[in-house]
Structures are given as C-alpha cells and as structure tokens.
Amino acid sequence: MEPFDFVSPTTIEEAVKTLASAGDQARILAGGTDLLVQMRAGRRTAPLVVDIKGIPELNVLSYDASKGLTLGAAVPCYKIYEDETVAKVYPGLIDAAFLIGGIQIQGRASIGGNICNAAPSGDAIPAVIALRGVCNVAGPNGTREILCEDFCTAPGQNALKNGEILVSISIPAPQANSGANYLRFIPRNEMDIAVVGVGTSVQLDASGQNFVSARIALASVAPTPVFATEAGDSLAGKAVSEEAIQQASELAMAAAKPISDMRGTIRQRIHLIGVFTRRTLNIAIERARGG
Amino acid sequence: MISNQVLSEVEFNVVGKRPLRPDGVDKVTGRAQYGDDTNLTGTLRAKVLRSPHPHARIKSIDTSKAEAFPGVRAVVTAKDLPFASLSKDELGGEYTALKYASDHMLASDKALFKGHPIAALAAVNAHVAESALALIQVEYEVLKPVVDVREAMKDDAPLIHEDLRTNDMGETGDKPSNIATHMSYSTGDIDKGFAEADLVMENEYTTATVHQGYIEPHNTTAFWNSDGQLNIWTSTQGSFQVRGTVAGVLRIPVSQVKVIPMEIGGGFGGKITAYLDAICAVLSKKTGAPVKALMTRTEVFEASGPAPASWMRVKIGVKNNGKMTAVEAEIAMDAGAYPGSPAMQAIVCAFACYDVENGKVDGYDVVDNKPKTAAYRAPGSPQAAFAVESLIDEICGELKMDPIDFRLLNAAKEGTRRIEGLVARRIGLVECLEAARDHDHYKAKLDEGIGRGVACGYWPNRGFQSSVVMTVNYDGVVSLIMGSVDIGGTRASIAQQAAETLGIAYEDVKPTVVDTDSIGYTFITGGSRTAFATGLAAINAAEDVKSQMVSRAAKIWDTDEDDIEYVAGIVQHKSDEELKFTFKDLARQLATTGGSISGRASVDPTGEGNGYAVHIVDVTVDPDTGKTDVTRFTAVQDAGKAVHPSYVEGQMQGGAVQGIGWALNEEYFFDDSGKMMNPTFLDYRMPTSLDLPMIDTVIVEVANPGHPYGVRGVGEASIVPPMAAIGNAVHAATGHRMRSLPITPGRILEAGWENGRS
Ligand SMILES: Cc1cc2nc3c(=O)[nH]c(=O)nc-3n(C[C@H](O)[C@H](O)[C@H](O)COP(=O)(O)OP(=O)(O)OC[C@H]3O[C@@H](n4cnc5c(N)ncnc54)[C@H](O)[C@@H]3O)c2cc1C
Numbered sequence: 001m002e003p004f005d006f007v008s009p010t011t012i013e014e015a016v017k018t019l020a021s022a023g024d025q026a027r028i029l030a031g032g033t034d035l036l037v038q039m040r041a042g043r044r045t046a047p048l049v050v051d052i053k054g055i056p057e058l059n060v061l062s063y064d065a066s067k068g069l070t071l072g073a074a075v076p077c078y079k080i081y082e083d084e085t086v087a088k089v090y091p092g093l094i095d096a097a098f099l100i101g102g103i104q105i106q107g108r109a110s111i112g113g114n115i116c117n118a119a120p121s122g123d124a125i126p127a128v129i130a131l132r133g134v135c136n137v138a139g140p141n142g143t144r145e146i147l148c149e150d151f152c153t154a155p156g157q158n159a160l161k162n163g164e165i166l167v168s169i170s171i172p173a174p175q176a177n178s179g180a181n182y183l184r185f186i187p188r189n190e191m192d193i194a195v196v197g198v199g200t201s202v203q204l205d206a207s208g209q210n211f212v213s214a215r216i217a218l219a220s221v222a223p224t225p226v227f228a229t230e231a232g233d234s235l236a237g238k239a240v241s242e243e244a245i246q247q248a249s250e251l252a253m254a255a256a257k258p259i260s261d262m263r264g265t266i267r268q269r270i271h272l273i274g275v276f277t278r279r280t281l282n283i284a285i286e287r288a289r290g291g
Numbered sequence: 001m002i003s004n005q006v007l008s009e010v011e012f013n014v015v016g017k018r019p020l021r022p023d024g025v026d027k028v029t030g031r032a033q034y035g036d037d038t039n040l041t042g043t044l045r046a047k048v049l050r051s052p053h054p055h056a057r058i059k060s061i062d063t064s065k066a067e068a069f070p071g072v073r074a075v076v077t078a079k080d081l082p083f084a085s086l087s088k089d090e091l092g093g094e095y096t097a098l099k100y101a102s103d104h105m106l107a108s109d110k111a112l113f114k115g116h117p118i119a120a121l122a123a124v125n126a127h128v129a130e131s132a133l134a135l136i137q138v139e140y141e142v143l144k145p146v147v148d149v150r151e152a153m154k155d156d157a158p159l160i161h162e163d164l165r166t167n168d169m170g171e172t173g174d175k176p177s178n179i180a181t182h183m184s185y186s187t188g189d190i191d192k193g194f195a196e197a198d199l200v201m202e203n204e205y206t207t208a209t210v211h212q213g214y215i216e217p218h219n220t221t222a223f224w225n226s227d228g229q230l231n232i233w234t235s236t237q238g239s240f241q242v243r244g245t246v247a248g249v250l251r252i253p254v255s256q257v258k259v260i261p262m263e264i265g266g267g268f269g270g271k272i273t274a275y276l277d278a279i280c281a282v283l284s285k286k287t288g289a290p291v292k293a294l295m296t297r298t299e300v301f302e303a304s305g306p307a308p309a310s311w312m313r314v315k316i317g318v319k320n321n322g323k324m325t326a327v328e329a330e331i332a333m334d335a336g337a338y339p340g341s342p343a344m345q346a347i348v349c350a351f352a353c354y355d356v357e358n359g360k361v362d363g364y365d366v367v368d369n370k371p372k373t374a375a376y377r378a379p380g381s382p383q384a385a386f387a388v389e390s391l392i393d394e395i396c397g398e399l400k401m402d403p404i405d406f407r408l409l410n411a412a413k414e415g416t417r418r419i420e421g422l423v424a425r426r427i428g429l430v431e432c433l434e435a436a437r438d439h440d441h442y443k444a445k446l447d448e449g450i451g452r453g454v455a456c457g458y459w460p461n462r463g464f465q466s467s468v469v470m471t472v473n474y475d476g477v478v479s480l481i482m483g484s485v486d487i488g489g490t491r492a493s494i495a496q497q498a499a500e501t502l503g504i505a506y507e508d509v510k511p512t513v514v515d516t517d518s519i520g521y522t523f524i525t526g527g528s529r530t531a532f533a534t535g536l537a538a539i540n541a542a543e544d545v546k547s548q549m550v551s552r553a554a555k556i557w558d559t560d561e562d563d564i565e566y567v568a569g570i571v572q573h574k575s576d577e578e579l580k581f582t583f584k585d586l587a588r589q590l591a592t593t594g595g596s597i598s599g600r601a602s603v604d605p606t607g608e609g610n611g612y613a614v615h616i617v618d619v620t621v622d623p624d625t626g627k628t629d630v631t632r633f634t635a636v637q638d639a640g641k642a643v644h645p646s647y648v649e650g651q652m653q654g655g656a657v658q659g660i661g662w663a664l665n666e667e668y669f670f671d672d673s674g675k676m677m678n679p680t681f682l683d684y685r686m687p688t689s690l691d692l693p694m695i696d697t698v699i700v701e702v703a704n705p706g707h708p709y710g711v712r713g714v715g716e717a718s719i720v721p722p723m724a725a726i727g728n729a730v731h732a733a734t735g736h737r738m739r740s741l742p743i744t745p746g747r748i749l750e751a752g753w754e755n756g757r758s
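Chains A and B are the protein sequences, given in the same order. Numbering-wise (my numbering), the first sequence opens with residue 1 and increments by one. Numbering-wise (my numbering), the second sequence opens with residue 1 and increments by one.
For reference, chain A alone in the conformation it holds in the complex:
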C-alpha cells in the first residue's frame, strides 16, 4: 500500500471543496471495507483519502411516516439493522444490510459505500432500487438527486462528478399493503459475492390478492445492477398467482445479461435469476400481506 494523505472534514462544504480541488487524486472513505481492500491490493491508488464519517449529515438515520427514511451515506450496516423502527418498516433493506460481509464488516460497511462502489454484485443496490431509493448528492454546484437505478454507470463507476459526494439515501415510506425482500445466491452460507442477487418490492391491493405494482432489480448479471422494469411492470394489475410470478421471473431472466466467470456461468446465472425472482417475490408478497 502506497502512503497517502488523510483528511477528515466535518462539513459537507469542506469535503466538497477538498474533493473539488484534489480532482481524481482523492478518494472518499466511508467504512473503508471496499476502499482499503482495493488500495491494499493495489487496485486503486489514492494520494489523498477523505474520510467523510465526521460529517453529521452523513450519519443521519431518521424515519418519518410522511417523509420516509433518510439514511446517511456513512451509516454502518449494524446501526441500520439494530434500529428497531427501520428494521420493522424496511425488512427488505435489512435483508441486504444483514448480508454484507460478516459481523465485523457490518460494524463499518455503509450502504452509501456499497452504492458508490458500484459493484455489479453490490447487495444493497437492488434492495434500494426496489424500495425506490433516491441518492442525495452534494457538490460544487449545490445539491441534486439521482435515482438509485441511475446511479451506477459501469463496474466501479458511478454518476458522481468531480467534487460530488453522496450525502444520504432517501427511501419513501412504504405504501399500504407493500412488502420487499432481497435474496442472493452464494455457494457458501456467508462471506461471498453474489452469484446473482434479486431485490423486489410489491404493493398489493387491500384484499392482498392482486398486485398494484412491483419493482424488481438484479445483481451480478450485468456491468451494473439491473432495474428490470418490464419484469416488475408485468405484475401490475394482475392477480397474485404462480403463473404471474413465473412470467415476471422469465422477464427478469430476459433482462439479465451476465458473463461467465469463476463465480458462475451465463446459463447458471440466468437460471438462478428465475429461481430467486420467484423466491423473493413470494417473500415480498408474504410480507405485504403482513406475514
């Protein structure tokens, strides 16, 4: 690991200014569970590391029934799943927070870091897309919002411009009769990178028998996380049935454009997208019905 300078700004303004002037010489540090690993492996160099954990806005974790969830970009996973309200209202988010790494990693790793790292396999990203998450960004030209599904642009690349940081993620309050779930496939039971991952959210009608809407997002089957809109939209207005779920899973499979690598083959991944779309939809439906 090469030596680097380290700064720890305490305001967004200060962070933005530092980043804007350092350009591509700087890297942002949240939990560091991606960044430090990459730096030690020589995959990234960063003459300047900017630790954003000292900025209050990045540590916010607040829920309001009207505004929904504001999740500071640096909040570590354990704080999310240990927060009783958040755990109750957003089980679909907790699924992902609970999966990332093991207990030590969860003590540091943030959802913001997971999204910004923009790995095709990032577990939180499909979960947040399914939950209609919005990324709140601050930069030299003020603030802007980016839909989570538009945030990742290529493996390891995101939509942030020079000097910009992700401040927080907003997730709307769940609609009535809605439920969400994230599942991934790994060959072991812990400590692995998703061979595929599927995040879904569904809204049912009051009877719990019909879909009002659904969102489906996929991990590890394309250069970026995939928002499988056709698959989700195919459920809108349909009765909850095995057939409808099967059809949605086939559309999700069609949206998957994976590669073969040491973690899985194209055929295996597409097949698993079908399996996990069905499994995760069924769990989301159960949750929507209050199960």
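Since the hints were made in silico from the structure, they are not lab data. Every residue gets a Cβ at the ideal spot worked out from N, C-alpha and C, and that includes glycine. Just to be clear, a hint being listed does not mean it is correct.
[Unchecked claim] Output of the computed footprint for chain B on chain A, the stretches with three or more beta carbons under 8 Å from beta carbons of chain B:
| hint | region |
| --- | --- |
| 1 | 180-194 |
| 2 | 259-265 |
| 3 | 271-285 |
Guided by the hints, dock chain B with the ligand onto chain A, whose structure is given.
Chain B with the ligand alone, transformed into the frame defined by chain A:
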C-alpha cells in the same frame, strides 16, 4: 446422542486422558510467539518481486533504480545465490537438484508459475520495500503456459524444463517431456481377475488444485552474523528440514545454520518447504542486519505449495456376491513447476483399503505452470480415494449391496498383501467399518431429500527420526526437550507418554520445543508421525531416566542395581521394604549424590501402524440452485491408542472439514492465460463455520504392535474419505454421479441439465 465416542481397549494412567495443553494459556491470551512476532533490533523488511506470468523466459533484470531508492538496503536476484557461480561440471550429479531448489527460491532463467520469485529487496520498512519493488525492471519473453495435468502430458505441450526426461520405471526417456516420472506396481494377474468378474466398471475422475489454507502466512526472519552464523526464526513444520534446504542452497554446512521454530499457525504439509528463508538470509548477509519477510495471502496461494490437481482412471471387477477380483488405476498428478507430486503415494494408497488378488496401478508425476505442490494431509491419498470410493459406490448400486457390507467383505486386514508388496500388520479397518455400521447415524432413517454416502480412507503413517532429551529437576519435575514442532497438540501428547512411562503426573512433565542446535536431528511434524515417533523417543528417554534413577538409588543405598526396581514412579528395593523413594524424593537428592540426571533417546522407528478412517455423511441438495448442504457427518478412525482423545477428535474433525471444502467448493481457478483468478479467501471458498454441521467422531482403538501404548498416527487419514463420501451422498440425493471435484452448485445444475431434468 453421543457425539464423541472412544471405543477403548486398554486404559492407562495418563495416556488416554484429556489434560490441559501446556501451550494453551499463551495461545488464548495472545502471548504465544509466532514468526511475525520476531522483532530483532534493526530488522529490515523484505519483499519479493514475483513473476506476473505463469511461463516466461527472463531476459533481463534491472535492479538499479530500486537499489537507488531511499530506504532500500539491498536487492537480490538468482545471481546472488551460489548456484549462479557453479558450473554444471563442478556440480555433476547434483546439478539438477540444486538448480531446482535454487530456482524455486529465486528464478534464474525462467519463471515457471505466476508468483515465482524473481528478485527481492530489503528496506527500512515494508512500505518502502513495496514501493521499491515496482522499480525493478524485468524483461520477459512470455511463453505459452500449461496448467492442466493431461494437457501437460501431451507431446506438443509447452515444455516446462527443456532438459527433463521421463524416469520411466528407472529408464530415462529419449526426449524431453513434462512427465517427470512414471511408476507402476502390479500384483497377481489382472486379465485373469477381470475375466473372472461378473461386473466390471470403469470411469475417469478429476480433482482440482487445492490449498491447505493455514491461517498464518509464511514468514521468516534471518540474521547472518558477521561470524558466519546464520540464525533463522520461522514458521515451519520442520526446523531441520529448513536448515537442510537453506544450507543446501547456500552451500554452507548445516551446523552454520540454526533454525528456531516459532509457534505455528497451521501447516497441514504446506509448511515443510522453505520459501523465504534463503532470500532473507542472503539479504541479511548483504546488509548485516536481520531481515524479515511475511507473505500476503495472495502470495501464499500463488507461491507456496498447494496440493496437485489430478486425473484418474479406475477400473474394478467384482463377482455378483461383491467380492473384488481385479483393480486397476492410472493416476496423473501435477507437481507444478518442479517434479515431486504425490502420485506415487496416490497409487500406493488407492486400493489399500481392499484385499484384492489382482491389481495394477500406474502413477505419473507431471510438471506444469503452477506453483510447486507441497504435501497436504495424506498427500495423494484423498484424490485416489475420491476416484476409487466413488466407483465402489457405483458398483454397490449396481449390485444393490450395502456399501459397508461391500467394504467389510473386501476389507484389508492383518496379512493383506498390498499392491506395493508390503504386508499389512495389525490394522483396524474392519473395526472402523463395524463401528460405522453400528453407529446411530448409519442406522438413522433417511428423511425426504437427504442423501447418505460413505467412504473409507487410508494413510500409512510414518516413522523416521526423532530425538528427545529429558532432565530431572531437583523438584522432581521433568523437562522434556524435543525438536518436533507442535502443530496439533504434540507437546501434550508426548508429555503424556513420558509421564506414563515415568509413572509420574502429567503436570510434572514440562515439554519444550527447541531449535536445531539444542536437540538431535528430528524429522518434520508431518506424515502423522510425531505422537508416534517422537512419543517413542520420549518413552525411550524416560526409560533412560528410570535406569539412571535406579543407579542413583543403588548408590545412595549402597546396594546393587539389580536389587532395585522402578514401579509406577517409585524406586524401591526389591526385598527391603524400608528402602523406597518416590520420584520426587529421589529427585531432591540428586544434587548431593552426583548431580542432575538426563535421559536421552534418538529413534528411527519402523513400527508405524497404518491408519484407516470411515466417514458417513448426509447431505441435502437444493434442486433449484444445486447447492449442497452437509447436514450430518460422522468420522470413524482407528487411532491405535488416542493419547489425548480431544486432539485426536480435533484431527478427525479438521480433516473432515478440509475434505468437505475440497469436495464442495475449493479450487484454484485459472484463466486462459494460466493465471490464478481467486488468490483470496473470498473467492477460494473454504467452508466457514456456517457451512458445517458438528462433526461427530468415533475413535476406534486397535493397538499398533509397534508402539508400547499402541499409538498410530491420526493426523491424515481423516481427510481421505470426505470427497467420495460427499459425492456418493450427492448421488443418493440427486441421482447425479459427480466425477469431478469440486462438486459446485454450478456443476450439479449442469448435471441436471445434461440428464434432462432441471
Ligand atoms: C470481508 C468482506 C465481505 C464483504 N461482503 C460483502 C457482501 O456480502 N456484499 C456486498 O455487497 N459487499 C460486500 N463487501 C464489500 C463492502 O463491504 C461493501 O460494498 C460495503 O457496503 C462498502 O461500504 P464502505 O462504507 O465500507 O465503503 P468504502 O470502502 O468506504 O467506500 C466504497 C467506495 O465508495 C466510495 N464512497 C464511499 N462513500 C461515499 C460517499 N458518501 N460519496 C461518494 N463516494 C463514496 C469510496 O470512495 C469507495 O470507492 C465485503 C467486503 C469485505 C472486506
């Protein structure tokens, strides 16, 4: 349900009990001194520049920029090793061996695997060393690599060593080849045997390159003093082995090298080869300072010694009643960059569980562009057992015969002549099979979706040299000094054997592992030999102490030694009941009656008892994902005598767990250019605790006649059966016969697609 059973035949006072381990407190409090804890004043840090190519000719190395980098104290390449300045004529018959050993440490002409050391440097700290490494310029001519054992055997394969010719049963081949050795054993008449069979089955099997996965990476600190003395502090299974290798490569007398073995964080056979020691030594000589090197995990994967991948063809003939009539196997294993795969052990182990009249086995030791393989727990045997025990399961299926009944019918026993010609002494395979058959687990009803598999495994166990010295302190506590590095609790188990022999308490024996200057030659801790062979040395040393204690009593009582006996820790006059010393009483008198007593023994025993294991495993396989979960696992093994049953159970469980990893997920994954893609614990998937059930154990005790307490080795047989047992269970659960390891979820899905049901 009893999860750990010991089926004991004989009871002793100390042997067979479960006392605390002497190294326990230091280990749990973090005080134990491992290699990386060595911090001598002024230590420099070394880093190794490694080849990015699996196969390349080194055209030039320019170290000038690195040498000029602030903080760098010395740079070495192969030119700094003695081999570079010795001619073929001077070396004669030694040439090839020295070239291989020297080049393995620092490549002189070719890089033979990704990670092959090309140069190394010492700097004021590790960060400076790492930065400077990037300044060494190496010009390579990249050559076509080969990383598959069967590909490497082909006539048109890229040649790893231009001058290597096959040793074919003692005859040297007429042209260069990657096949270093072909070896064959046969017994009886296999044509006749197969002709007599009612059923003959034959299949091919492959296994992947796997790593031992010890937690502690390789590390070394070397200090070459100005008086010529070279001291090496390192993590090794064999301090004398390191001493020999380093002295050999550096062309200095062994006595000029002292190796201080530090606590070891796992080895499993992978910490026998010396990787960093000679490099640090030469850097130390150049700088006059101690030099320390520590591998990263990636370096461990890419440049230490994994176990070979294998290709195997097995053919077995049986009568309708299950009796085996003939067996045949061809086993090819890749040794990596330099010859020395365990193919020869594999062919000896392949059918060692069975008593068959007619057999033929052929083994091929093949070089290719992978790191030079090293020993890994029962080297060669697990691969062979995967093939043989899988085929036997298929045969049992065809014959509709219970797999344990089949094995009992054909089991090797005392007097069975094995394929390499050795006749088995008293062995415990039958007893292990019976214990498995009678176990709860084997009798338990199979729930829907569960597949059950069984398999056996063999490891001969080893003897070889060990030395022990014992001194009697004036308080009656015995210091037990040995050269065997303690990986699996041998300080305790050897102290127990000493205490048993002396008739004193375990707590009154204080074991210490010492450096190579402080004890006689002791072979590695490996081959499941230490509790047996170093145990024997301790027993003999204790006998030496006993006879000296008797002489001392004779002197004190002014009587004849023949009038005195040593019984259960008491030195007593045979006829005069008044004359009696406890061990401690006599010890207290030593200072005033002639001085201290030390006993000593060096042994090279041949009475090792072969080890057998039988495993039962239950699995479920998710039909949608192909993922296998091991739901129940029982390991049965003959320990001869379990000196410390907890450590025997630990060995059985550890072997089973490594076998489960080998079976399901572990593999070196190579890209098209021959580079390992997964040199991290993230992608080299060893099982975590969440992937494992509790491993139940049954220790069977069939005494080894070659040891006073019946001890056999126990460290290795337990890694042999799991792969086949799991493959057999997966077949039972899914109907898919998996003939390639690892049995990954993807492979199970593919098998389903091929068989037309997904
Ligand atoms: C052992 C281990 C296991 C893991 N297991 C998983 C797993 O199961 N699933 C999974 O998805 N990931 C896993 N990871 C990866 C990693 O832990 C996650 O991606 C984690 O969420 C990253 O968060 P972090 O806070 O540590 O990010 P950091 O490493 O601090 O940052 C990640 C990247 O995002 C950038 N960044 C961070 N915050 C901001 C911000 N506010 N604005 C702009 N850019 C920012 C950084 O510059 C960096 O490029 C694992 C990692 C390890 C080491």
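Hint check, failures only: Going through the list in order, the structure violates no hint and respects every one.
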